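Keeping their order, the protein sequence lines are chains A and B. For reference, each letter of the first sequence is one residue, going 0 to 596 in numbering that gives the first Met the number 0. For reference, each letter of the second sequence is one residue, going 0 to 147 in numbering that gives the first Met the number 0.
These are calculated hints, taken from the structure and not from any lab test. Model, not experiment: these values are computed from the prediction. It is possible that part of the hints are untrue.
Straight-line C-alpha distance at most 20 Å; calculated EDC-like pairs for lysine to aspartate or glutamate [to be verified]:
#1 A/Lys266 with B/Glu100
#2 A/Lys176 with A/Glu223
#3 A/Lys237 with B/Asp110
Have a look at the derived ranges for each label pair, beta carbon to beta carbon [as the list claims (entries may be wrong)]:
#4 A/Gly452 with B/Gln1: 34 to 40 Å
#5 B/Pro32 with A/Gly452: 20 to 26 Å
#6 B/Asp128 with A/Lys120: 49 to 55 Å
Ideal Cβ placement from N, Cα and C applies to all residues, glycine included.
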Amino acid sequence: MNKIKVGLASCGIAAGAKQIQEYIQNEIKDKKLNIALEETGCIGMCYNEPLVEVFSDSGQWLYGNVTEEKAEKIIEHHAQNDKPIKEWLVKAENIQTDDDSYFAKQLKIASRNCGIIDPTKIDDYISTGGYESLKKALKTSSQDIIKEIMKSGIRGRGGGGFPTGVKWESAVNAAKKKNEKPIIVCNADEGDPGAFMDRNLMESDPHTVLEGLIIGAYAIGAEEGYIYIRREYPLALKRIESAVKQAQEKGFLGQNILGSDFKLEIKIHRGAGAFVCGESTALMASMMGKAGEPRAKYIHNVESGFKNKPTVLNNVETFANIPVILEKGAKWFAEIGSGDVSENPWGGSSGTKVFSLVGNLERTGLIEVPMGITLREIVYDIGGGIPKGRKFKAIQTGGPSGGCLPESHLDLEVDFDSLTKAGSMMGSGGMIVMDDKTCMVDIARYFITFLKGESCGKCTPCREGLIALDEILTRITKGKGKEGDIELMDNICETMKIASLCELGKSASNPVLSTIKYFIDEYVAHIKDRKCPAGVCKELIKYKVNDNCTGCTICAKNCPVDAVSGKPKEMHSIDQEKCIKCDICNEVCNFDAITVE
Amino acid sequence: MQNIDKIIDKWNTDPDYVIEMMQDIQDELRHTPREVLEQITKRTKVPLARLYHIATFYKSFSLTLQGIHKIQVCTGTACHVKGAPNILDAFARELKIEIGETTEDGKYTLDEVRCLGCCSLAPVVMINDDVYGNFTTKKIKSLLEKYK
C-alpha cells in the first residue's frame, strides 16, 4: 500500500500543514482510497512547508509548498497511480533537485530522525534502533559511560559549551561526598528569540531526548529527573508528555528499568514565560515554585543545585546526541568537528550543531552541520544567499547575549571558541541573517529592550545598565543622539560585564558592543547626520512616491490615515504631516513606486 | 471556586507546583485575581507575597481579566527583522487599543511575545493556540473575522 506522510511540527502547522492533512484524510475517506496517511515532524526545510512525502514503488518523494490543489494532484497522480510530479519535488533519492544543496553540507546526528519518524509512536523510534543505546548503557558501568562521554568531547549545546562528561563526573563526586542522590534536569526553556532547535527536537523526535536523559541519569546515579519546558511550546510539551508515558509503559522508565536495579521517575515543569529561566539557577528556583531569579554561582549546581542536591542540567540537544555517541562510539563523534578533543574536551568542538537559520535568506529552516563549518558556507551554500538581490549586512548569532558579525567575518569557523573571540558567540544555535534593509542601531536597541524586560532586577549593574542603554539607544534611533553617547554606552557595558550577577547580565552588552565595533558608521549617521541609512528608524525616514507611480490608487485606498492623495492615473503624493510610516503603501504597491529615505 | 480547588488538588497542593497551578488557573479564568491567590495560599501555605511575586514576574499571568481571544504578535528577532513592529502597530490601530490592553467588549487582548519558534515563517502571529506564518498587515481584517 502506498503511503503519505505530512510534516506536522509547529512551523509546518503554521504554514497550513494541518489543513493539508485533513484534506488528504478526507480525500482518502471520500474516495475510499487504499493509501495510508501518517504524520511526521520537521525535516528542517521550513522554507518549503507544508511538506508532504509519498512512498510508492517509485521510491520516496518529498513535495514542498503543498496546497490543497497540489495535494489533490499528488494523490491522484502519484499516490494512486505512481506517476510522480517532478515540478513540485524538493527531495528524492536518485533524482537531483535544486534543494539538494540545502542538505549537501549537513550532517544529522541529534536531528537524525526529525521529519522521518512519527514522533507520536515509540515503536517508530524503536524501529530505527531507538533505546538500544540505553540497553547497552545498562550493561556498562556508569563510570565507563562517563568516560565515553568525556572522550567524545561533547560540550553543552545550550550555549555554555561546558564539557558534558566533566559535568557528570563532578556531580558523581559531589554526590559521593555529600552522600546524596544527584538530580538530573533537562533544560528545554529555549528562550533565545530566533532559535527553535530544541522545539523541533522535542516535537519531531522526543524519544531521543528522553533516551539521552535516561542514560545520563543512569551514568550519574540519579533517580529523579525533570524536564523544564517553556509554555510557548505547547506542541513540544504534548509530545514530551506522551513520550514519557510511552517510555513508562515500555519499561524504559519507572522501577527496575529493563530488568535492572536502576529506577528513574521523570517530572515535567512548564515555564511561565521568563527568558531568564533558561539560566540554570533561575530555572531551578522556578522549579521550586519561586520567581526565576538567579543566584551567584560560587557554589556550582553539580554540588548544590535543585533542592540543594548535586544537580546536572543539560540542554535538550545535548541529550539528543548521547544515544548516538554510545551507539557509534566516542571516537567516531570526536573526529567530527573542529579542534582536537583527544587530550581534553576543551581542545575543540566535536560533533555537530543544530542551527535555526532564519531572517533575510532564500532558504530558512533548521540545519545540522559539523562544527567548524564557515558562516559563509551556512549563509550561501545552505541558505542560498540573500533574496531579492539585496546585500548581506550581518549575521546575528547567540541570541540576545550574542553579537552581530559583518561580511568580513563570514569565513570564521563556527564553533564554541572562534565566534566568542570575534565578539559574538555560537550560543544555543539561533542564526539570523540580516540584509542591507536592517538598521544595526535598531537591532541593538531591540535586544536591549528585550533584555531590559527580561532582567530579573536582582542585581544593579544589569537592571540599571539595561535601562540606561535602552534610553540612550532609543534616543539615538529617534534622531536625538548626543555626542559622547557611544563612549557612555561603552562605559556602561564594561561595568555590566564585570559586575553583573549571572550570565544574562554579563553578556547583555554584547549586542551593543558588537554593533559599535563593526557598524560604527551607522551610529555616527544616526547621531551626527540624523539619518537611518537602512530606512528603518521611523523618526528619521520619509516615505515618498517616485516616478514609477502609475496612479493605480491602491496605496491611497490602503493608507490607514489617509495620508496618500492623487487622482487616478496620476502620480500620487504623501502628506508627511499625516504619514505614520506604517509601511502599508510600500507593502501594497505593485510598481515599486514608494521610496523610503 | 470549586474549579480552583480541583486545580490545586491536581497538583497535590505541592508548593513546588504553585506556578503550574497558577498557569492552569490563568487558562481557566483568563487571569489570576487576588481571591484566587489567597485560596492557593490557604491550601498550600505558600505566602501570598510570593504568589504575587510570581504573578508579576512571569509573563503568562495577569491580575486583570484578559480578552476571550489572545492575539500575540511574535516580536522575536527574525520577526522583528521582517517587519513585526509594523504588524503590531496595525493590530493596535485596528483594535483601537495599546499593546497589553484588552478591547472594551472584552473580546481581544493584544500582546507581543518574544519568539514562538516559528522563525522560518516570520513574521508570525498567534491567536489563542493557532499560529499564522508569513503574516502581513493585509491579513488582519480577515483574521479577526475568524475569531469573533
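Hint check, failures only: 1, 3, 6
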